[in-house]
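> Single-letter residue listing:
4 protein chains.
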Amino acid sequence: MKTDMKTHIGHSTPDRVVVRGHDLSRDLIGKRDFVEMLYFLSLKRFPNPAQLRVLNACLVTLMEHGWTPSSIIARMTADSVPEEMQVAMASGVLVMGSVFAGTTEGCARILETGLKRGGDRDAYCRDVVEEHRATKKPVPGFGHPVHKPIDPRVITLLAMADELKLDGGYVPLLKQLSAEVDRQAGKHVTLNATGAMAALLLEIGFPPDIMRGLSVVARAAGLIGHIVEEREAHAARKIWNLAEEHIPYENP
Amino acid sequence: MKTDMKTHIGHSTPDRVVVRGHDLSRDLIGKRDFVEMLYFLSLKRFPNPAQLRVLNACLVTLMEHGWTPSSIIARMTADSVPEEMQVAMASGVLVMGSVFAGTTEGCARILETGLKRGGDRDAYCRDVVEEHRATKKPVPGFGHPVHKPIDPRVITLLAMADELKLDGGYVPLLKQLSAEVDRQAGKHVTLNATGAMAALLLEIGFPPDIMRGLSVVARAAGLIGHIVEEREAHAARKIWNLAEEHIPYENP
Amino acid sequence: MKTDMKTHIGHSTPDRVVVRGHDLSRDLIGKRDFVEMLYFLSLKRFPNPAQLRVLNACLVTLMEHGWTPSSIIARMTADSVPEEMQVAMASGVLVMGSVFAGTTEGCARILETGLKRGGDRDAYCRDVVEEHRATKKPVPGFGHPVHKPIDPRVITLLAMADELKLDGGYVPLLKQLSAEVDRQAGKHVTLNATGAMAALLLEIGFPPDIMRGLSVVARAAGLIGHIVEEREAHAARKIWNLAEEHIPYENP
Amino acid sequence: MKTDMKTHIGHSTPDRVVVRGHDLSRDLIGKRDFVEMLYFLSLKRFPNPAQLRVLNACLVTLMEHGWTPSSIIARMTADSVPEEMQVAMASGVLVMGSVFAGTTEGCARILETGLKRGGDRDAYCRDVVEEHRATKKPVPGFGHPVHKPIDPRVITLLAMADELKLDGGYVPLLKQLSAEVDRQAGKHVTLNATGAMAALLLEIGFPPDIMRGLSVVARAAGLIGHIVEEREAHAARKIWNLAEEHIPYENP
Numbered sequence: 000m001k002t003d004m005k006t007h008i009g010h011s012t013p014d015r016v017v018v019r020g021h022d023l024s025r026d027l028i029g030k031r032d033f034v035e036m037l038y039f040l041s042l043k044r045f046p047n048p049a050q051l052r053v054l055n056a057c058l059v060t061l062m063e064h065g066w067t068p069s070s071i072i073a074r075m076t077a078d079s080v081p082e083e084m085q086v087a088m089a090s091g092v093l094v095m096g097s098v099f100a101g102t103t104e105g106c107a108r109i110l111e112t113g114l115k116r117g118g119d120r121d122a123y124c125r126d127v128v129e130e131h132r133a134t135k136k137p138v139p140g141f142g143h144p145v146h147k148p149i150d151p152r153v154i155t156l157l158a159m160a161d162e163l164k165l166d167g168g169y170v171p172l173l174k175q176l177s178a179e180v181d182r183q184a185g186k187h188v189t190l191n192a193t194g195a196m197a198a199l200l201l202e203i204g205f206p207p208d209i210m211r212g213l214s215v216v217a218r219a220a221g222l223i224g225h226i227v228e229e230r231e232a233h234a235a236r237k238i239w240n241l242a243e244e245h246i247p248y249e250n251p
Numbered sequence: 000m001k002t003d004m005k006t007h008i009g010h011s012t013p014d015r016v017v018v019r020g021h022d023l024s025r026d027l028i029g030k031r032d033f034v035e036m037l038y039f040l041s042l043k044r045f046p047n048p049a050q051l052r053v054l055n056a057c058l059v060t061l062m063e064h065g066w067t068p069s070s071i072i073a074r075m076t077a078d079s080v081p082e083e084m085q086v087a088m089a090s091g092v093l094v095m096g097s098v099f100a101g102t103t104e105g106c107a108r109i110l111e112t113g114l115k116r117g118g119d120r121d122a123y124c125r126d127v128v129e130e131h132r133a134t135k136k137p138v139p140g141f142g143h144p145v146h147k148p149i150d151p152r153v154i155t156l157l158a159m160a161d162e163l164k165l166d167g168g169y170v171p172l173l174k175q176l177s178a179e180v181d182r183q184a185g186k187h188v189t190l191n192a193t194g195a196m197a198a199l200l201l202e203i204g205f206p207p208d209i210m211r212g213l214s215v216v217a218r219a220a221g222l223i224g225h226i227v228e229e230r231e232a233h234a235a236r237k238i239w240n241l242a243e244e245h246i247p248y249e250n251p
Numbered sequence: 000m001k002t003d004m005k006t007h008i009g010h011s012t013p014d015r016v017v018v019r020g021h022d023l024s025r026d027l028i029g030k031r032d033f034v035e036m037l038y039f040l041s042l043k044r045f046p047n048p049a050q051l052r053v054l055n056a057c058l059v060t061l062m063e064h065g066w067t068p069s070s071i072i073a074r075m076t077a078d079s080v081p082e083e084m085q086v087a088m089a090s091g092v093l094v095m096g097s098v099f100a101g102t103t104e105g106c107a108r109i110l111e112t113g114l115k116r117g118g119d120r121d122a123y124c125r126d127v128v129e130e131h132r133a134t135k136k137p138v139p140g141f142g143h144p145v146h147k148p149i150d151p152r153v154i155t156l157l158a159m160a161d162e163l164k165l166d167g168g169y170v171p172l173l174k175q176l177s178a179e180v181d182r183q184a185g186k187h188v189t190l191n192a193t194g195a196m197a198a199l200l201l202e203i204g205f206p207p208d209i210m211r212g213l214s215v216v217a218r219a220a221g222l223i224g225h226i227v228e229e230r231e232a233h234a235a236r237k238i239w240n241l242a243e244e245h246i247p248y249e250n251p
Numbered sequence: 000m001k002t003d004m005k006t007h008i009g010h011s012t013p014d015r016v017v018v019r020g021h022d023l024s025r026d027l028i029g030k031r032d033f034v035e036m037l038y039f040l041s042l043k044r045f046p047n048p049a050q051l052r053v054l055n056a057c058l059v060t061l062m063e064h065g066w067t068p069s070s071i072i073a074r075m076t077a078d079s080v081p082e083e084m085q086v087a088m089a090s091g092v093l094v095m096g097s098v099f100a101g102t103t104e105g106c107a108r109i110l111e112t113g114l115k116r117g118g119d120r121d122a123y124c125r126d127v128v129e130e131h132r133a134t135k136k137p138v139p140g141f142g143h144p145v146h147k148p149i150d151p152r153v154i155t156l157l158a159m160a161d162e163l164k165l166d167g168g169y170v171p172l173l174k175q176l177s178a179e180v181d182r183q184a185g186k187h188v189t190l191n192a193t194g195a196m197a198a199l200l201l202e203i204g205f206p207p208d209i210m211r212g213l214s215v216v217a218r219a220a221g222l223i224g225h226i227v228e229e230r231e232a233h234a235a236r237k238i239w240n241l242a243e244e245h246i247p248y249e250n251p
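Chains as they are written, first to last, in numbering that gives the first Met the number 0: chain A, 0 to 251; chain B, 0 to 251; chain C, 0 to 251; chain D, 0 to 251.
Pulled out of the complex, with its shape left as it was, chain A reads as follows (with noise of 0.2 Å):
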């Protein structure tokens, strides 16, 4: 166990709070937004206004979509629990696991390999889809059971990397393993915005090992209308009546 560890994320004093060097009071409250820190703290350097964009731009896209199991997990803690609000949103964000919030880093990691090994994008792309397809699972970033034939969030997406001119190559080789998953798959596969941020993720610099984090982060804000909203409507209860009537009990 190393005896001298350090930490260099901030302490306070009695007169100043320093975060990562800075005087929070002096240099950040006020002078910099809230997505600007997010970047800070997590990249250890600031954005530039491209990179900005970029980030709210992924980050409005994953903040609300009506009812998944997030905002009714969400929904019925905050029924149960409402006193504390924060316990429902954390349960809400539990439940964001490996199925369904992990495709955004499992594209990212494809992308990621396939540009640092260099070599021939065909060839790669070729066997990403032929293992994913010889496993049965879904290439990470493709497919949507209500999005078809496109994924509205992804054309906009992408035209904002177009319009950004955004040039690390992560974009093109998406677009390139696209096009193989419809190939191998013999009809068009929609391309979702798990793919597509995936993608510009990474080109704003993000690891894909943090990117759950943003999801996180976003979906906790999205969950704030849906504590709101079921404060007036108890939506939470309803739920519990329908799993009772439409799945019934049978001895077994």
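No wet-lab data here; the hints were simulated from the structure.
These numbers come from a predicted model, not from an experiment.
Among the hints, a few may not be true.
Said to hold, decoys possible - These stretches of chain B come out as covered by chain D in the derived footprint (C-beta under 8 Å, 3 or more residues):
hint, stretch
1, 48 to 61
2, 90 to 98
3, 127 to 137
4, 244 to 251
All residues carry an ideal CB built from backbone N, CA and C; glycine is no exception.
Using the hints provided, position chains B, C and D relative to the given structure of chain A.
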């Protein structure tokens, strides 16, 4: 149970995602930033520029405080559940309960009640402080273990309120309450950041009972950096060792 | 901050694990069952046979209730975070808050206060019921949406109290309170299982402020079966669909 | 989506609670103890006396280990969210992830696979250990930072397996694996309690993929005692102070 219950938050069709009546891909992604959307989803209207600045200032104030129960817990959980980052973040926000995180809303309720009932504000402040002193509870928003005599964040936050000419009356009432706290204590007591945020968030339209949601979003964002540092530095195991060493077992 | 703080719970040395002064391997594993240990770890003494029977009866009462917010949430989370089973279980117990799970301790506090202050029990019960009626709150431990006029679990639990001749006075006071609830309501109101457990757990020495811990342990155990069924039957996605279908979106 | 989905776990009618076909009030409360019910709800059949003894022994082994991430987190959360005890308990079990709690199921999968595929067990054990050594991963169930050369709990657990004449073959295979671990390491490596529990829980019918559920139930029970001690002794704030003092901030 209402049979025709509706939600007014969001839903998806094949070519659209609708969020509170707005088309997500066409009108929100790239057009509104994350903090505007946080305001909109929470309060059902978009903020004006002053409201947006204040909300950003409050969120930035809340994001990062170095070692706290929140960061310690998130790092311990990240060390033990490395593949599911949302678990560490959820665990780190669960601890934001009535004791530490509840003071913003507690102070806000005092300010809101004071303005709503009208009448003599001197008497109101005197009564509030007396009641708290009688039960030996600190007035929410006052006192700080480190920041004495002045919380440096409060200076910045209240200067912003002046600059933006916020005129809802909450800031003057907070200052009056602060003077009364000092008078009854017979010494200066720090007005802390949670008190200043209570006044500012009321000024921009947030009701007290969702203020904790903002703390959760801000802290969740700050936890990403702690999890990144934990993956490099393994403070969690050192803290575990410190507990074992400094709080040893003794037979009952 | 106390500098010589100790813990009296447990620690390990190379050849021993000590738990509250007992050698785990030599004296506890195989010698004491789980519920004896739960009593011992919570109350610092071992139960007698009657206390052990009562604790088992209360735990068995609490374990399983079919569809509840707890089981719905655990199943949704198990579906989304399949590799980390503890997340589903934790999420399912987070919802056991003041609204549903708090009634046992609420009723227990009423019974404990009534015995401690002595005096006229008729007057005490009358005052308690009047206060609750004045604020339109149900007396904790009374009322049930399904079990009318009698909660079948209460019969079994109170019969056990009789059989074991529990004589701490809590059960008679509960019955007296029940009669007063009926009298002021002008009709019979169900005495529910949380009320009966409040009396029984007080009889065996549990203070009200840790009773919820027992509910958490019992419910956590019950959730294992739900997670097993979810892996086979995927009710979580059906419940999600039901929410979308029966609580549709409408523009605000 | 199946339209006629059923649950086989439980439901309530006005005068009955049914749990997997049994009447809770008439047949279970007072007739079955908590651990029998835990077995029944998890595996859909009641245990025989030997199975019940083994399950109790494993649960008692898991309940309490002094300072762990689990107890530290639960105590910090109990200090900050005092009114909602389930939050501290949930937070304390969330940390029971793949790193620490996953070794029981990892070892169990090795033992289960070894028996299922039949064939040469020497070769199987040799391959398993070689594969782990090749990737520098410990074989799950082996190694311990404190218990050297022998984990005292393992002696008790394996003696119980002998006494009860468990004959499913898992214990002999575990011993064979242990010998092979030692042979390839060129020294004795501790067979730890999670390894012994893996064999015993397989013997009594638990599949590996719900073993973590048992750890959660056992640890949840142990956390009650920590929360009680925290309310008296406030170790959480001391641990926070220790982190600040021993892992100080340094500018990046």
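> The structure should be examined with respect to each hint, and the outcome stated for every one.
Outcome of the hint check:
no. : hint       : in the structure
1   : 48 to 61   : violated (count 0)
2   : 90 to 98   : holds (count 7)
3   : 127 to 137 : violated (count 0)
4   : 244 to 251 : holds (count 3)
Hint compliance for this structure: hints 1 and 3 are broken, all remaining hints hold.
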